[in-house]
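Student: This is what each chain is made of:
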Amino acid sequence: MAIQVQGITKQFGTYRALDSVDLEVRSGELLALLGPSGSGKTTLLRIMAGLESPDAGSLQLNGEEALGLKPRDRQVGFVFQHYALFRHMTVFDNVAFGLKVRPRDQRLPAAEIKRRVMELLELVQLGHFAERYPAQLSGGQRQRVALARALAIEPKVLLLDEPFGALDAKVRKELRRWLRKLHDEIHITSVFVTHDQEEALELADRVVVMSQGRIEQIGTPADVYDHPSSAFVYEFLGQVNRFDCTVEGGVARIGNGALSIATDETVRGSGVAYVRPHDLGVAPAVGGPGRVSGVHVVGPDARVEIELDGLNLEAEMDRERFTSLGMVVGDRCTVQIDRARVFAR
Amino acid sequence: MPANATASALSDPAWMRRLLIATALTFLGLFLLLPLVAVFAEALRRGVFAYWVALVEEDALAAIKLTLIVAVIAVPANLVFGVAASWCVTKFDFRGKNLLITLIDLPFSVSPVISGLIYVLLFGLSGLLGPYLKSEGIQIIFAVPGLVLATIFVTFPFVARELIPLMQEQGSEEEEAALVLGASGWQTFWRVTLPNIKWGLLYGVLLCNARAMGEFGAVSVVSGHIRGYTNTMPLHVEILYNEYNFVAAFAVASVLAMLALVTLVAKTALEWRFGAELAATRHK
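Heads up: the sequence lines are chains D and C, in that order. Using numbering that gives the first Met the number 0, you'd call the opening residue of the first sequence number 0 and step up by one each time. Using numbering that gives the first Met the number 0, you'd call the opening residue of the second sequence number 0 and step up by one each time.
Errors might be hidden in some of the hints.
Unchecked claim - Pairwise CB distance ranges, derived in the manner of DEER restraints:
#1 D:A134 / C:A268: 22 to 32 angstroms
#2 D:E153 / C:L121: 51 to 61 angstroms
#3 C:Y131 / D:K69: 38 to 48 angstroms
#4 C:V109 / D:R131: 45 to 55 angstroms
#5 D:A134 / C:T267: 19 to 29 angstroms
#6 D:E153 / C:F91: 27 to 37 angstroms
#7 D:R302 / C:D104: 50 to 60 angstroms
#8 C:L19 / D:S137: 58 to 68 angstroms
Claimed, not checked - Some chain C residues near chain D, calculated using beta-carbon distances under 7 angstroms:
#9 A176
#10 L180
#11 P194
Hints were generated in silico from the structure; no laboratory data involved. Computed from a prediction, not measured in an experiment: that's the story for all the values here. The beta carbon of each residue, even a glycine, is placed where N, CA and C say it ideally should be.
With the hints as extra help, turn the sequences into a complete structure.
Tutor: Here it is as structure tokens:
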């Protein structure tokens with residue numbers, strides 16, 4: 000089911016959480032709402048679920064106006080950041096809840112409900128835990144119960160609020176893969192909120208980057224990472240070197256002109272240049288302008304900090320290449336910018 | 000270093016512990032246990048027969064019956080009001096919320112005598128609504144309705160005070176989850192909210208009940224002390240005592256004391272029996 004968001008605005012007191020947001024969620028895709036806290040991403044998700052109502056704008060679920068619908072009539076599955084499992088119910092009863100509260104004429108027979116719940120628990124690999132209480136489960140298990148519970152009502156859309164936020168790094172990674180696999184199997188239109196760019200880039204079909212109640216950019220993970228459309232997206236996605244520069248005749252000069260970048264932007268005057276650490280080429284050179292001020296080699300990558308004309312740069316390369324260069328702290332070097340992006344101030 | 004050496008380093012010396020325990024026990028004995036024993040001792044001073052006679056005497060029975068009637072009306076009323084008030088304070092944001100919370104506490108901060116007086120000033124013969132009520136033939140002051148009103152007022156905060164912190168801590172995520180899953184507001188209340196607050200609610204009701212039966216000040220002002228009609232147990236005790244009828248006074252007092260003890264035992268038993276579940280509903 001597709002979701003159409005148009006001109007959604009939401010104000011909390013004097014704080015504008017969403018400022019005329021337009022968004023289309025395509026049927027069957029897995030979409031990430033990515034942004035720092037306070038960017039309005041959770042508010043947008045809650046508006047889709049009907050847990051919050053906007054001050055202005057329209058929301059269409061599958062082409063039908065949905066703002067007038069109560070949450071129960073929207074056929075959405077919602078997974079809460081802290082799971083919100085019913086603490087006084089067993090895992091089985093948690094998952095069965097949505098089926099049991101249906102009006103009598105739509106309710107399935109008890110045996111059918113049982114079969115369905117057990118099927119879902121098998122799907123989330125928790126078949127043996129049906130009689131446990133939420134307090135007796137680990138964080139990852141609780142999250143999967145929450146997912147099974149949301150799926151039980153056969154929603155047309157699955158909405159997840161920071162689904163992995165409360166989990167430790169290892170479980171988070173496992174669960175992320177598992178969710179991706181699950182989505183590939185059942186193809187339910189899904190929207191998840193996250194502040195973790197790695198999570199959004201790895202998991203989503205498309206990423207929506209949000210900031211201060213507005214959408215900054217929408218695109219595939221590769222799109223938004225390689226072609227950020229604004230300074231904010233550049234800074235928010237991945238590591239980046241940020242330089243103040245002056246642009247004249249298609250050339251951006253950084254600092255006192257120690258580094259320059261050719262730019263085809265329509266930027267003039269003062270600007271900001273962004274360079275990803277892996278787009279900085281570093282080579283040892285006796286008497287070179289730069290000086291290696293720090294080296295961090297962890298895992299397959301090497302991070303090299305360089306001082307150049309009062310600027311602090313960060314370069315990244317793979318470990319083998321770094322070893323072959325044979326640089327140590329204090330060495331002189333040259334610095335070359337392979338790729339950069341300049342925005343007007 | 001052996002473990003017990005660490006333990007002793009962290010705890011107070013033995014004489015200190017004994018002193019503290021002895022002090023606490025002395026206080027408890029002096030101020031709680033001794034008076035309680037005295038009540039029963041005085042009540043039984045002339046023997047079990049005199050005790051029994053004092054209890055089954057017509058006015059005493061009427062007082063016991065009246066106290067139960069008042070409690071049976073006031074406690075359920077406050078159960079409903081308390082849950083409703085806590086629900087709207089914790090699950091919704093609205094203007095004047097802090098004012099409402101302050102108002103809920105009002106009966107605790109106002110002297111019970113004043114609480115009673117308020118009703119006299121409102122519903123009494125020379126009160127605000129007095130003439131109208133008289134013309135309609137409705138009597139509130141010096142009658143059962145006044146007793147019930149005063150008791151409801153005085154015991155109003157017990158349930159709400161118990162529930163508000165609990166519901167605030169639990170938040171409303173589970174209710175939201177229920178709504179998204181298709182539950183109606185009513186289903187959400189019965190299946191999600193109520194099970195989560197049931198033990199706190201029971202606490203509140205027990206305390207509310209204890210106070211409703213034991214209330215003296217507010218009830219005394221509105222009652223008029225008409226024997227056999229508007230005397231609740233605490234008022235009856237006072238009258239008997241003022242008439243130097245000590246055995247009867249203490250006999251009725253002992254019944255009140257027993258009600259309090261039963262309440263305490265019930266509370267402790269619940270804690271003991273459902274301790275784990277209580278802890279589970281209080282914390283996520």
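Student: Compare the structure with each hint and give your call.
Tutor: Hints, verified against the model:
1. D:A134 / C:A268: 22 to 32 angstroms: Holds, at about 23 angstroms.
2. D:E153 / C:L121: 51 to 61 angstroms: Given a distance of about 57 angstroms, which is inside 51 to 61 angstroms, the answer is holds.
3. C:Y131 / D:K69: 38 to 48 angstroms: Once the Cβ atoms are compared, 44 angstroms apart, the range 38 to 48 angstroms for D:K69 and C:Y131 holds.
4. C:V109 / D:R131: 45 to 55 angstroms: Cβ of C:V109 to Cβ of D:R131: about 49 angstroms, so the range 45 to 55 angstroms holds.
5. D:A134 / C:T267: 19 to 29 angstroms: Since D:A134 and C:T267 have Cβ atoms about 24 angstroms apart, the given range 19 to 29 angstroms holds.
6. D:E153 / C:F91: 27 to 37 angstroms: Taking Cβ atoms as reference, D:E153 and C:F91 lie about 31 angstroms apart, which means the hint holds.
7. D:R302 / C:D104: 50 to 60 angstroms: 59 angstroms, holds
8. C:L19 / D:S137: 58 to 68 angstroms: 42 angstroms, violated
9. A176: With Cβ-Cβ at 4 angstroms, under 7 angstroms, it holds.
10. L180: With a closest approach of 4 angstroms, the C:L180 hint holds.
11. P194: 4 angstroms, holds
Violated hint for the displayed structure: number 8, the only one.
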